[in-house]
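Chains as they are written, first to last, in UniProt numbering: chain A, 1 to 199; chain B, 1 to 259.
Be aware that one or more of the hints could be misleading.
To be verified - Listed next, the in silico DSS-like pairs over lysine-lysine satisfying Cα-Cα at most 30 Å (straight line):
#1 A:Lys38 / A:Lys141
#2 A:Lys38 / B:Lys168
#3 A:Lys180 / B:Lys168
#4 A:Lys93 / A:Lys141
Stated by the list, open to error - Quick list of simulated restraints, FRET-style, between CB atoms:
#5 B:Ser8 / A:Asn126: 37 to 45 Å
#6 B:Pro50 / A:Arg133: 35 to 43 Å
#7 B:Thr77 / A:Gly65: 49 to 57 Å
#8 A:Gly31 / B:Arg71: 32 to 40 Å
These are calculated hints, taken from the structure and not from any lab test. Given the structure is predicted, the values throughout are model-derived calculations rather than measurements. For every residue, glycine included, the Cβ atom is placed at its ideal position computed from N, Cα and C.
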Amino acid sequence: MEAMRILMDEHQSLAAIIHAIRYMIKEIGEGRLEPDHKLLQAMVEYLDAYPEKRHHPKEDEFLFGPLKERTPEGAEVLAHLEREHAEADARIKKLEAALARYRAGEAGGCAAFGDAFDEYAEFYRNHMMTEEREVIPLLIKHLTAEDWARADAGFAASRDPMGGTRNASGQEDFARIFSKLVAAAPAPIGLGAGPYKDD
Amino acid sequence: MTTETVHSNAGAAQPVLEVKDLCVSYGKVEALTNASLTVGEGQIVTVIGPNGAGKTTMLSAIMGVLGSKGRVAFDGTLEVVPEVERMVARGMNLVPEKRELFGEMSVEDNLVLGAFQRYRMGKRDHAQTLEEVYALFPRLKERRDQAAGTMSGGERQMLAVGRALMAKPKLLMLDEPSLGLAPLIVREIFRIIAELRRRGVSILLVEQNARAALQVADYAYVLETGQVAMEGPAHLLADDPRVIEAYLGFGKHQDMLST
């Protein structure tokens with residue numbers, strides 16, 4: 001069940017980034033932290049590039065798809081999760097728009113970005129908890145050894161930031177990006193080497 | 001307590017560390033009872049368990065910081081009574097939970113001190129090792145002249161690991177490396193631990209963050225009230241309902257997502 005380990009691992013990466021962004025927004029809002037717009041932008045881009053575009057399709061293809069073939073159990077929750085996966089673009093666009101308004105210096109932009117991000121974080125908390133509490137037990141119960149072998153291979157082929165993933169075109173190294181985010185993020189959530197610099 | 005073995009690590013290729021029936025007492029209180037474990041070359045082995053289970057005691061006894069009874073064989077040689085200096089000289093190193101850096105000294109001086117034992121043994125390769133450590137932790141290089149005591153928690157943890165690596169250990173023992181650190185840094189610390197394995201360092205990792213530890217480790221032991229309660233390949237223990245219930249649970253991201 002390597003796929004399961006990778007899935008949980010990727011959930012932790014996602015949760016860590018979300019935690020970091022929320023922390024920064026809160027500190028900026030309370031005047032204790034100078035905004036690093038590039039860092040916020042890089043983190044949002046990371047959320048788009050990895051969890052939304054890479055993690056969810058793997059879940060759909062290698063876990064949810066086979067589960068639907070094996071059992072009608074959980075059909076409703078799977079349909080719900082797949083709908084949420086399909087709405088990734090809209091979710092990210094909303095976030096990016098709020099960040100763009102904040103970066104442009106719009107009045108109340110920070111608070112509005114904070115609200116948009118709270119909504120995003122809340123969505124993900126519920127989404128991941130649904131997957132972990134409701135779907136994972138069904139996967140364990142119903143997937144066959146062959147299903148798991150395919151899922152393990154599929155997940156391993158496109159690993160997370162911990163493993164040094166490259167995207168399909170081999171351009172991006174998610175491990176390096178993740179490390180850059182950690183280095184630039186302010187202490188105590190990161191190493192405080194900011195401001196974030198483009199490559 | 002009976003130890004449940006999913007699959008023994010005793011057959012690990014080239015054991016670097018073999019601990020058999022280790023016992024430690026604080027007065028009349030037995031903190032560790034007949035604990036046994038094996039770390040194979042190039043493996044990450046983790047010891048998970050609740051606070052007070054004896055995890056730190058185990059590391060301290062293996063290192064020779066605490067007196068113990070039992071058998072500790074390191075790199076093929078039996079240590080009748082482990083002693084800290086000898087263990088360091090032989091290639092064992094411990095990164096303690098409290099990191100124990102020299103706060104008023106610079107980052108670089110702290111690092112160089114990590115190579116002191118090797119220097120005493122006539123090995124003069126610390127400049128090259130320093131560059132290797134800086135390559136692994138670029139942030140330390142940026143802050144090489146800064147006093148260690150002024151660094152953030154994450155930086156201090158990286159410095160503590162970097163200092164241990166200056167001794168070019170065969171076995172690196174990490175005591176709660178993620179303790180007190182934010183999720184983002186915890187992820188980075190575990191990424192570095194995985195990287196160290198890729199570079200051939202064997203690692204014994206004591207962690208309360210069972211989820212992260214089981215994800216990165218090859219083999220795992222569950223320590224409860226001073227005894228090894230379960231052991232097995234990390235991926236099998238991570239799937240064990242008892243481990244899930246006691247140490248993993250689902251939906252734990254709720255904590256990480258709130259600020």
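Right, here's what the structure says about each hint:
no.: 1; hint: A:Lys38 / A:Lys141; in the structure: violated (44 Å)
no.: 2; hint: A:Lys38 / B:Lys168; in the structure: violated (38 Å)
no.: 3; hint: A:Lys180 / B:Lys168; in the structure: holds (26 Å)
no.: 4; hint: A:Lys93 / A:Lys141; in the structure: violated (36 Å)
no.: 5; hint: B:Ser8 / A:Asn126: 37 to 45 Å; in the structure: holds (41 Å)
no.: 6; hint: B:Pro50 / A:Arg133: 35 to 43 Å; in the structure: violated (23 Å)
no.: 7; hint: B:Thr77 / A:Gly65: 49 to 57 Å; in the structure: holds (53 Å)
no.: 8; hint: A:Gly31 / B:Arg71: 32 to 40 Å; in the structure: violated (59 Å)
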